[in-house]
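Generate the whole structure from the sequences, applying the supplied hints.
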Amino acid sequence: MRIVATLSIAVRALRRNLMRTLLTTLGMIIGVAAVIATVSLGYGAKAQIEAQIASIGQNVVLVWSGSMSRTGARSGWGGAGTLTIEDAEAIQREITGVVQISPEIQSSTQVAAGNQNWYTRIQGEGSEYFDIRQWPVIIGSAFSGQDVRNANKVAVIGQTIADQLFPGEDPLGRVLRVKNVPFKVVGVLSPKGLSVQGQDQDDLVVIPFTSSMKRVQRVTTLRNFMVQAAKPSLLFSVQQQIIDLLRQRHHITPEKDDDFTVRTQQEIAEVVTAQSRTMTVLLGAIAGVSLVVGGIGIMNIMLVSVTERTREIGIRMAIGARARDILLQFLTEAVTLSAIGGLAGIGLGIGFSRMLAASKGWPTLIPTEWLLYAFSFSAAVGVFFGFYPARKASRLDPIEALRYE
Amino acid sequence: MNTVIALEDIHKVYHTGGVDVHAVRGVSAEIKTGEFVAIMGASGSGKSTLMNIIGCLDRPTSGRYLLDGTDASRLERDELADIRNRKIGFIFQGFNLLARTSAVENVELPMLYGHAHLRGREQRARALQALETVSLVERAHHHPSQLSGGQQQRVAIARALVNQPALLLADEPTGNLDSQTSIEIMGVFQKLNNQGITLVMVTHELDIARYTRRNLIMRDGRIVSDTTVAERLDAERELARLRDAQQAVQLSL
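So the sequence lines, in the order shown, correspond to chains D and G. Going by the working numbering, the first sequence opens with residue 1, and the numbers climb by one from there. Going by the working numbering, the second sequence opens with residue 1, and the numbers climb by one from there.
These aren't lab readings, by the way, just hints derived from the structure by calculation. One or more hints might be untrue.
Here chain G is said to cover these stretches of chain D; the calculated rule only asks that three of the stretch's residues, wherever they fall, bring their Cβ under 8 Å from a Cβ of chain G [unchecked claim]:
| no. | stretch |
| --- | --- |
| 1 | 302-316 |
| 2 | 320-333 |
| 3 | 396-405 |
All values derive from a computational prediction rather than experimental measurement. Each residue gets a CB set at the ideal place from its N, CA and C atoms; glycine is no exception.
Take a look at the structure:
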């Protein structure tokens, strides 16, 4: 029997019980719409996180003091200061593929200027920081390598600091005090806005790390380095070289764990996206359950349909329909049912995710291949749950079926 | 004359509830091309079982059945379906048309399962031609519920004819019809038979059997009588007589 004829029989049978068809399809529609909406949220979040990670900078390898040992957490990342300025210089000097390095040291404290004060992040950085993060200074200029070497009291501030400490004024050349140490503002960073976590990225003061070590924190060790590799393919090699170099410099014997942690930007991205992926998978699984429930609805209705149409099956068999013709007819009907549900569900799911994006401002993104997955899966649900009723129909005895009242 | 049906010592035993029911106990018969045979018998005589075997809906427990030269007694389900499609046209007591499906679409149905993949237009042409044979072309697009019993049975006959089978098989074709419509249907059968079509009909009505050429009578699963109909009734003449009689009644009123 030809496909077109089979399909037209299926559509006609489904139209005969329009209400029943619609209600049965509803199960599929809701299931598919839930999957599409979940996936769009998951992918939206993922895309946003990836953009965030990319904003760390280009081809970045991060080095923290402290490590996660195989036996468990011994000291947190960035906890104990085991990194030194000499380590940073050695990395810059000895490791091939390293473009530049910015040692980092962070603290949070109250800063004041005139009669204004503000609690903010103080980041001690190298002069390379702005280039690595590709974060341009829009007013004034960044501090120089000379400023870093001399531990000069200069600062580059974020937009929020400019607004809070110097409202309506030109901040350049003004002085702000960090723990009573005066710093001269030499530049203002371009605004970045909020991060995924809702943190204000412009709420910071960047000073030379040397100044931070000597004048603010009064420490001799560093918490972390930001290293830039020449190209993405060198990230792994740079990471390995840094590990070897630091183990050697820190005199770590082979049986001991590292007292530092080296992560590439890719690895960080993977960790963060893995978290959002777990969430997506979880929600997707719940949505998937509703698809299965929809499938059971289809199976139920198809079983009813087979019983109702026993006589029709008998007639068709008497005039020459083979078992596979009957099987195909009912299977086509089930798949038509689920595929229509799938299509409608995709439409509803897209509409729902647009609505979420519009009303709640959540990032949503629907990859095209997922539309295909959702449709194929709903069709597969039809085949899976339609098979048993269809086989039952195809195995009827024509004589019994003809006698059925 | 070719033999269309050759039954050789057909037995059929059903196993129901642990008891063997011997429905057909050794039937042998031959039906040749162009015959018009009525199989008669009381209920339980085994005529329906025999009919199912002749119609390739069922297989005999033992014995051999040749239909148009093909041994149909040992075929698989799908092969039987194929034979039903190509060689047999079924006409049932309850018409068995698909509801909410137009007359012409009902007639097209057997072509849907046929081997010859006809184009839609050709199928439609053939179906209309078959409806023409039973004088029902003008009702081609009516649904069964919009047709009288006699008209529904004509659609069923057209459906049986559409694949040009070797044999028309009718199971109590007049069982649900009044006497005048029954005679009309017999008229259609006689016309088809005169064109050379082989017809086998199961009936329990004696007067209906008199329109055929040969009567087989069954009892307890065996054929007990095989006679040629001596004074065969002609449907056209009987209808004319019936009409006269009806007119006479109206005149007398």
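Comparing the hints with the structure gives:
1. 302-316: Result for this restraint: holds, n = 5.
2. 320-333: Holds, because 6 residues of the stretch 320-333 of chain D bring their Cβ atoms closer than 8 Å to Cβ atoms of chain G.
3. 396-405: holds (count 3)
Of the numbered hints listed earlier, not one is contradicted by the structure.
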